[in-house]
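*Asks:* Chain by chain, the residues:
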Amino acid sequence: MLARLGIAVAALAACAATGALAAKRPATAVGVGEREFRIAVYRESVPPGPVRFNVTNRGEDRHDLVVRDRDGRELARTGEIPAGGQASLRVRLSAGTYRLRCDVADHARRGMRARIRVVRPSER
Amino acid sequence: MVRHRPDRRRPRRRAGWSEDHVRRLLWRAGFGATAAEARRWARRGRAATIDWVLDGPPGGARLRGRAPHVEGRRLDPVNEWGDDVLWWLDRMVRSTHPLAEKMTLFWHDHFATADQETPLLLAQNRLLRRHALGSFRALLGAITRDPAMQLFLSLADSPKEAPNENYARELMELFTLGGGYTERDVREAARALTGYRSEWDDRGLVAIRWDPEQHDGGVKRILGRRGRFGVEELLDLVCAHPRHAPFMAEKLWSWFVATPPSRATVRSLAGVYRRSGLRIGPVVRAILEHPALYRNLDAPDMVKSPVVYVAGALRASGSSITHGYPVWLLETMGQRLFRPPSVAGWDGGPAWMSTNAVVQRFAFGNFLVSYGRPQVREGSVKATLPPREALELAREAVGSPPISPRTRRALTRLAARWFDDIPKDWRDQADWRAESLQRTLRHLLIAGPEAQLC
Numbered sequence: 001m002l003a004r005l006g007i008a009v010a011a012l013a014a015c016a017a018t019g020a021l022a023a024k025r026p027a028t029a030v031g032v033g034e035r036e037f038r039i040a041v042y043r044e045s046v047p048p049g050p051v052r053f054n055v056t057n058r059g060e061d062r063h064d065l066v067v068r069d070r071d072g073r074e075l076a077r078t079g080e081i082p083a084g085g086q087a088s089l090r091v092r093l094s095a096g097t098y099r100l101r102c103d104v105a106d107h108a109r110r111g112m113r114a115r116i117r118v119v120r121p122s123e124r
Numbered sequence: 001m002v003r004h005r006p007d008r009r010r011p012r013r014r015a016g017w018s019e020d021h022v023r024r025l026l027w028r029a030g031f032g033a034t035a036a037e038a039r040r041w042a043r044r045g046r047a048a049t050i051d052w053v054l055d056g057p058p059g060g061a062r063l064r065g066r067a068p069h070v071e072g073r074r075l076d077p078v079n080e081w082g083d084d085v086l087w088w089l090d091r092m093v094r095s096t097h098p099l100a101e102k103m104t105l106f107w108h109d110h111f112a113t114a115d116q117e118t119p120l121l122l123a124q125n126r127l128l129r130r131h132a133l134g135s136f137r138a139l140l141g142a143i144t145r146d147p148a149m150q151l152f153l154s155l156a157d158s159p160k161e162a163p164n165e166n167y168a169r170e171l172m173e174l175f176t177l178g179g180g181y182t183e184r185d186v187r188e189a190a191r192a193l194t195g196y197r198s199e200w201d202d203r204g205l206v207a208i209r210w211d212p213e214q215h216d217g218g219v220k221r222i223l224g225r226r227g228r229f230g231v232e233e234l235l236d237l238v239c240a241h242p243r244h245a246p247f248m249a250e251k252l253w254s255w256f257v258a259t260p261p262s263r264a265t266v267r268s269l270a271g272v273y274r275r276s277g278l279r280i281g282p283v284v285r286a287i288l289e290h291p292a293l294y295r296n297l298d299a300p301d302m303v304k305s306p307v308v309y310v311a312g313a314l315r316a317s318g319s320s321i322t323h324g325y326p327v328w329l330l331e332t333m334g335q336r337l338f339r340p341p342s343v344a345g346w347d348g349g350p351a352w353m354s355t356n357a358v359v360q361r362f363a364f365g366n367f368l369v370s371y372g373r374p375q376v377r378e379g380s381v382k383a384t385l386p387p388r389e390a391l392e393l394a395r396e397a398v399g400s401p402p403i404s405p406r407t408r409r410a411l412t413r414l415a416a417r418w419f420d421d422i423p424k425d426w427r428d429q430a431d432w433r434a435e436s437l438q439r440t441l442r443h444l445l446i447a448g449p450e451a452q453l454c
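Read top to bottom, the protein sequences are chains A and B. Using the working numbering, the letters of the first sequence correspond one by one to residues 1 to 124. Using the working numbering, the letters of the second sequence correspond one by one to residues 1 to 454.
Chain B with its partners taken away, still in its complex shape:
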């Protein structure tokens, strides 16, 4: 674990609320903070920052900065390979409401869907964003009817004579309860979920339609209740189950905080969730206001997922999407958007830091230094720049990330010795070496150990 003291060079604006707090919050609830954002929100204070994170800017979210393009062409997320990934990655980088994107990513992991037509997955992505911080019950209803989900878990065309149990099982296991149900509950729920039919033509899926003739309207016994339950009644039943609120509270907590919540915290968050009418926003607010989120600011303990790492580095450095390379890198890092490994989503945590994944994170550092905003322009750096100033120049180029005194000492020492093999009287002609030093420092700041955690 990398432990470092908060950097004392940065001014603290308000008691109990510093740039370090802002950075922690904006990484956990988004994709990091630029240096300007850290300064601005440290000045504004805790309450104003959390309001902004939750609500986004007045007038709604928008995308700012340079629109994405790949080798001169605009993105075509439906038809071009990988452009769906770049399209969403760009939203994470440029959105003025990063929490909405972070929560869309949460739901993409929670309601993990893969192997479906790109237009269907993009439609599901819009659905998840629309409901990201709203009513869970409304989201559950929408995702149950969502064509990509219906096809992925064989809900469409589930025959009433032999109902398919895929969706019923995941509804209880992964989506709402996590346990506390029986095999009979799954079988009976599968009966309640029958009645959807898919219609196709030459161009693919036309629609998923409700066909009352295909629905099993008989009496079912589910989670201790008896009745002629249909789809909506089943969704109401699982949402009203005593296990549901703690399940969602714990799942949401683990998205923002690396250490498990205490029982009291789960009880408290579940209470917030129930009192709000199963709305996500109030629970997220309670987590973002919780002191545990800001514990050990000098020792970050949450591994950035590949997507968060890549989007965060692009965002912090002011870079835009200009190449398809991140698509391949994200895949080899273990997290390709729209392709979760299973219905259970990604494992996450330390699993992101496999040997190969770390190599790919280093490769991404190379990519950003070569093609992103942090690239070093010829003639832009002098070899006579003192080592400390060289390091500060590199930090500014990648978004001024905080670094521990230990890393600062190591990088300053590297800068001081970079020219040791060159005679001192040649130094003023060695600017090309200063450029390679800048590239190295920037790369280490983007890809070093401290950049992997938040």
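Just chain A, same shape as in the assembly:
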């Protein structure tokens, strides 16, 4: 549990460094499962505002999760998550499509890429 907390704290620190830490209001939770070499995102779309990615590494290697906007700008990233570990990543997202990927080694090239859409409730 301490390891998980450490990961979460590191992730939050990374968010703060990039100015992406959202204000403390309820975030939309998004479950994310990572394995070799897939990223499964449990929600297709979320409303604009704070989003919390709850990442579980279900694989055997270490993985991370990086959130980028459609122009490739990095918004937030977790540290490397050990096999079986979990991390939480909080970021504020406005309407649009965002890319999720694992930046460890060549994992993204081998398939660890995904997308999430942020849409206003009226447009869903």
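Note that these hints are calculated values from the structure, not bench results. These numbers were taken from a predicted model, which means no experiment stands behind them. We treat Cβ as the ideally placed atom computed from N, Cα and C, and that holds for glycine. There could be a bad hint or two in this list.
Claimed, not checked - Which residues of chain B face chain A? A partial, calculated answer using Cβ under 10 Å: (1) Arg73; (2) Asp76; (3) Val78; (4) Asn79; (5) Glu80; (6) Trp81; (7) Asp83; (8) Ala114; (9) Glu117; (10) Thr118; (11) Asp201; (12) Arg203; (13) Ala207; (14) Ile208; (15) Asp211.
Got chain A sorted already, so can you dock chain B onto it with the hints?
*Replies:* Relative to chain A, chain B alone:
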């Protein structure tokens, strides 16, 4: 072993069928009995109680009582960590058909699957509940096609050129036979199981599809039979094998009864299973009607698994899910739902009572007394309450569990001496001490040795 006489304070309603029988039945076939349930079903008699346990209420199962929430928010089992555990735990606590949940737990242990995406594991959980007391053959077919299982045991994308043997091996070893097969049977069965392909997109698994091009359609020799067996024929073969019925009978028996069955009992249960067309419900009924289930009502011998212990204590005390704490406690007790340690499931029995697990069970007692229905409200207890009445008040608050005369004497003595360090003329101003006594008594009733067995 804790041995105690049935509590004579509780009335016996019908010859041969008492509240003690009801409690034994409802613990083994569910998650315990509330005091009201024990009274009601003792009055109704054995046959009516077993019918209710098996069939559930008319109109189907539902959830009663307060819906779960964690720190003010509703559960989000797919996306929030631990909410999947709380979601199922809540069903165990509030369902009006506890046997369906207990059997879903049985199948979760039998067809143990882990390390898969949460939506897939939740879908598998619904599948197990749907088939919990129905046809085993139908359940086996459904679990073989289940995406979580397919990915866990590498059935999806098993190439016909080099079939993966994981599922074929566990199908025979853990799911249907337990023995009586050869390595060649496993290899040939793996050939019969080829043909499933997984399809993925940006959001994960799209579907598991059948692709005839990927299936090995050649002749196989499995369990002494020869033919161009495919998946369905293979499942028929293992279910028709002479070892299957006794294997399932024994496995089901050990879920409800701690002592091993006699050979005659296994033969009899296997006969029930075969005659019913491999249906689970009739075998479970035969076990619930068996005298062995009600043996030694004064000396329970089955260790409650962590999940049964936690769900039972919440249910008996009328508490609802309000915190995520049980998720961590269940993990440290050794049984996190949706995360069995291996494909063989949990070891169970005395293994649940390791030193650390017992400490965590005590911690759960603290949690329930602090946040659950048994919490003691300020000003609710007087220090002038006689020791026996203090104990009865504590028992009622945690669901009136039966206690042995020995435990009753010990707790009454504790209550009588609780104020010994306070001068008698101060007693009427020591209600805060009476509250701490109540908390202690409730905690000991929830977490003491007798509460660990059923």
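*Asks:* If you take the shortest Cβ to Cβ gap from Glu117(B) to chain A, is it below 10 Å?
*Replies:* holds (4 Å)
*Asks:* Against chain A, run the beta carbon of Ile208(B) and see if the smallest gap drops under 10 Å.
*Replies:* Interface hint status for Ile208(B): violated (14 Å vs cutoff 10 Å).
*Asks:* For the hint on Thr118(B), does the least C-beta distance to chain A fall short of 10 Å?
*Replies:* holds (5 Å)
*Asks:* Would you check whether Val78(B) satisfies its interface hint, that is, whether its CB is within less than 10 Å of any CB in chain A?
*Replies:* holds (5 Å)
*Asks:* Would you settle whether the hint for Glu80(B) is holds or violated, based on the nearest Cβ-Cβ distance to chain A being less than 10 Å?
*Replies:* With Cβ-Cβ at 5 Å, under 10 Å, it holds.
*Asks:* Would the hint on Trp81(B) be counted as holding, given a Cβ-Cβ threshold of 10 Å to chain A?
*Replies:* Where the cut-off is 10 Å and the nearest Cβ of chain A is about 5 Å from Trp81(B), the hint holds.
*Asks:* Less than 10 Å between beta-carbons is the criterion; does Asp76(B) satisfy it with respect to chain A?
*Replies:* Constraint on Asp76(B) satisfied, holds at 6 Å.
*Asks:* Tell me if Arg73(B) is really an interface residue toward chain A, meaning its C-beta lies closer than 10 Å to one of theirs.
*Replies:* At 7 Å from the nearest chain A Cβ, Arg73(B) passes the 10 Å test, so the hint holds.
*Asks:* Taking the closest Cβ pair, is Ala207(B) under 10 Å from chain A?
*Replies:* violated (13 Å)
*Asks:* A closest beta-carbon separation below 10 Å is what the hint needs, so does Arg203(B) meet it against chain A?
*Replies:* holds (5 Å)
*Asks:* How about Asp201(B): closest beta carbon in chain A under 10 Å, or not?
*Replies:* It holds, given that the least Cβ distance between Asp201(B) and chain A is near 9 Å, below 10 Å.
*Asks:* Does Asp211(B) hold up as a contact with chain A if the rule is Cβ-Cβ below 10 Å?
*Replies:* It is violated, given that the least Cβ distance between Asp211(B) and chain A is near 19 Å, above 10 Å.
Hint compliance for this structure: hints 13, 14, 15 are not met, and every other hint is.
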